[in-house]
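Chemist: So the protein sequences, as listed, match chains A and B.
Our numbering numbers the first residue of the first sequence as 59 and each following residue consecutively.
Our numbering numbers the first residue of the second sequence as 59 and each following residue consecutively.
By construction, these hints were calculated from the structure, which means they are not laboratory data.
This one's a predicted model, so the numbers in the text were calculated from it and none came from an experiment.
Each hint should be verified, as a subset may be incorrect.
Since copy identity is lost for identical chains, a pair holds within one copy or between any two.
To be verified - SDA-like cross-link-like pairs, simulated, lysine to any residue; straight-line CA separation at most 25 Å:
(1) K328 x M297
(2) K147 x T462
(3) K341 x I472
(4) K249 x Q267
(5) K101 x T239
(6) K392 x S252
This is what each chain is made of:
Number of protein chains: 2
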Amino acid sequence: MSEVLKLGKKAKEAAIKLATVSAEVKNSALNTMADALVANADKIIDANKKDLEEGKRRKISKALMDRLFLNKARIEDMAQDLREVAFLKDPVGEIVKGWRLPNELEILQARVPLGVIGLIYEARPNVTVDAAGLCIKSGNVVILRGGSVAINSNLALTKTIADAAIRAGLPENCIQSIASTDRAATTELMKMRSHVDVLIPRGGASLIQSVIENSTIPVIETGVGNCHVYLDRGADLDMAKKIVINAKCQRPGVCNAAETLLIHKSLVEKGFLPEILNELKGKNVEIFGCEVTCSIGSDILKATEEDWKTEYLDFKMAVKVVQSLDEAIAHIQKYGTKHSEAIITEDYSAAKKFTEEVDAAAVYVNASTRFTDGGQYGFGAEIGISTQKLHARGPMGLEALTTTKYIIHGSGQIRS
Amino acid sequence: MSEVLKLGKKAKEAAIKLATVSAEVKNSALNTMADALVANADKIIDANKKDLEEGKRRKISKALMDRLFLNKARIEDMAQDLREVAFLKDPVGEIVKGWRLPNELEILQARVPLGVIGLIYEARPNVTVDAAGLCIKSGNVVILRGGSVAINSNLALTKTIADAAIRAGLPENCIQSIASTDRAATTELMKMRSHVDVLIPRGGASLIQSVIENSTIPVIETGVGNCHVYLDRGADLDMAKKIVINAKCQRPGVCNAAETLLIHKSLVEKGFLPEILNELKGKNVEIFGCEVTCSIGSDILKATEEDWKTEYLDFKMAVKVVQSLDEAIAHIQKYGTKHSEAIITEDYSAAKKFTEEVDAAAVYVNASTRFTDGGQYGFGAEIGISTQKLHARGPMGLEALTTTKYIIHGSGQIRS
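Using the sequences plus the hints, can you model the full thing?
Modeler: This is the structure in structure tokens:
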């Protein structure tokens with residue numbers, strides 16, 4: 059039996075037990091896990107050093123090395139996150155709906171854990187702890203499959219928190235990491251329908267694409283964001299500037315950052331185009347413009363078809379002048395990834411049309427796209443931002459890690 | 059460009075328009091579609107005759123021929139179903155939740171259509187009309203891919219209702235059937251992520267399995283049901299008999315019919331086993347029993363491992379004597395398909411334990427499994443019964459054909 063299949067079988071057994079563990083025990087486990095991380099920081103840092111050496115050997119980028127790096131402060135942060143998850147409301151057991159049928163059957167729709175969640179992610183050790191915490195809180199068993207360069211860190215973290223969870227009274231095997239770094243193990247995980255209920259890929263576009271193409275297990279797709287800000291004819295120009303700069307520059311490397319700016323021609327006629335471009339250039343944003351935009355300055359590169367499609371995740375922005383609100387919406391339908399889209403306008407009908415017609419997880423009027431986030435929405439925790447339409451759409455809190463079952467109380471009813 | 063890709067592109071365009079069509083226009087379209095079916099009954103029956111001939115040539119079973127067969131009465135029934143769907147509440151536009159953040163952003167979670175739904179089904183012309191009606195009502199464009207032997211019926215039905223929908227004011231291409239009966243067309247449909255939002259297979263286990271294995275589009279899996287009735291130590295025996303007979307015999311060919319009977323040993327000690335077996339035999343149910351069950355009569359076949367796994371969909375039932383409630387639950391966890399499971403008991407704690415620990419879409423106390431049905435649950439319509447955990451679980455009404463989007467109203471908020 060392969061390692062992955064063994065893990066799967068153990069996970070399925072654990073899931074049956076974990077599903078009915080009380081919130082009290084789960085919260086106590088989260089706190090014990092947090093304490094164990096702090097207590098074992100030295101061991102974890104030793105393991106992490108091996109990964110950092112391997113990272114150097116593989117010449118991975120500085121940004122990736124930084125994501126891989128652990129020290130005491132970062133381990134304290136992970137522990138703190140677990141303690142905060144312990145404070146959140148347990149989603150399991152909620153009665154979502156309940157009603158009585160004419161034949162006196164009583165139907166309750168109760169929230170229950172998904173069961174076994176497979177998590178496939180990149181070389182970010184913090185995701186190991188973060189995901190395990192959210193899964194445990196929502197009553198789910200997790201099988202973790204992190205990036206190979208982080209394998210020593212992940213195994214050390216997993217052992218630490220899994221042992222702590224057992225000490226606190228959780229069933230064995232609730233938190234498991236795949237030890238093999240062989241790609242075949244990932245493929246096997248993605249096909250193990252009988253032991254895994256849901257797969258969640260967390261990472262860049264190519265990781266997500268690979269999971270979508272290969273998985274036979276239902277997938278919750280998280281977020282590529284090619285987000286737009288549209289400055290309507292009726293925009294408050296001061297507000298427009300602030301929101302564009304915030305959406306593009308406040309943290310350009312994340313999925314809810316804006317990538318393309320659409321501007322109604324009437325604002326161009328008012329002379330607003332050089333103004334906003336200067337603001338962007340002042341923040342070192344490189345501009346890829348349409349023909350009209352390019353006419354403003356010789357330092358503006360001509361946008362290609364590829365630019366309208368690209369999630370730069372960088373200080374780069376595509377800029378296009380549109381003839382109408384309809385053209386703006388059509389552009390978003392064509393190039394957007396259905397993540398977050400914003401209109402800046404004081405025109406009531408334009409705002410209404412935009413929110414109704416734009417097909418995206420989050421549609422904003424007069425606010426930055428950067429708000430699409432579980433924490434910002436008040437969910438307390440975030441598993442990711444779903445850009446698919448099934449199950450959950452937009453920022454996903456603990457509820458997205460649950461399903462429901464119908465419980466029906468009868469008194470001998472049969473169907474006629 | 060292939061036929062399927064052409065259909066996909068047209069569907070995507072239509073979906074943008076259909077999403078904002080009012081309930082009034084959609085309902086009027088459903089009624090116009092119903093009238094058109096009745097008016098074109100002769101043409102549809104002519105097309106159906108070709109399919110019936112092809113069915114004979116392929117020597118398909120009597121049951122399949124019956125499902126394929128159309129006459130005026132059946133066409134009237136389809137029309138009536140459409141009229142009833144017109145009466146249901148439109149799920150689109152509902153505000154599921156709404157709240158205000160400390161920074162005064164207002165968040166609304168609004169129900170919206172999924173977009174383009176691909177429906178893959180067997181040679182049942184009535185599904186063509188039924189599915190199209192439910193999709194239109196919920197604001198979704200549909201691409202239909204029915205079984206090849208029903209191709210003439212499906213194309214005639216599709217043309218009739220699609221033309222009627224346009225006459226009633228719906229956008230073009232909201233309802234399309236794939237004309238090619240080539241298997242490659244089905245495969246292409248299952249991979250067309252950029253033009254299809256969700257795939258729904260409706261049919262037997264092998265059809266569903268093929269979609270799950272090949273689709274890169276999110277799938278709503280509908281139901282294989284290996285359902286159990288467990289007669290607990292505390293069962294009311296009269297009620298137990300009625301429910302077992304109903305769950306097995308009232309309509310054995312459907313997914314919510316019971317396939318295995320589990321009986322607590324204490325009932326056997328009371329002499330109940332021959333009693334219930336005689337009831338079943340009186341209804342011509344063939345029994346596949348465990349060792350104890352087999353000792354009751356020589357006409358009982360020994361159940362194999364395969365029997366515990368099988369969805370008979372027939373007058374056949376596996377019967378097993380269990381030592382405890384725990385053994386019953388473990389058997390269900392091992393062999394069940396997470397569809398519908400029932401316990402018959404007057405024991406409060408046993409009922410509570412069973413409903414908490416059994417992982418299934420619907421868990422019954424003292425009622426027949428046959429109630430797992432959108433119509434019975436009061437949903438008015440049913441797309442199918444989901445046995446997956448993502449998005450929808452159990453009977454799916456119109457809501458299961460929708461997703462949500464967040465609409466956020468601001469006044470210049472930026473993220474700090």
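Chemist: Does each hint fit the structure? Answer for all of them.
Modeler: Status of the hints after comparison with the structure:
| no. | hint | in the structure |
| --- | --- | --- |
| 1 | K328 x M297 | within (16 Å within a copy, 80 Å between copies) |
| 2 | K147 x T462 | both (17 Å within a copy, 23 Å between copies) |
| 3 | K341 x I472 | between (70 Å within a copy, 16 Å between copies) |
| 4 | K249 x Q267 | both (15 Å within a copy, 13 Å between copies) |
| 5 | K101 x T239 | within (21 Å within a copy, 62 Å between copies) |
| 6 | K392 x S252 | between (38 Å within a copy, 11 Å between copies) |
Violated hints: none; the structure is consistent with every hint.
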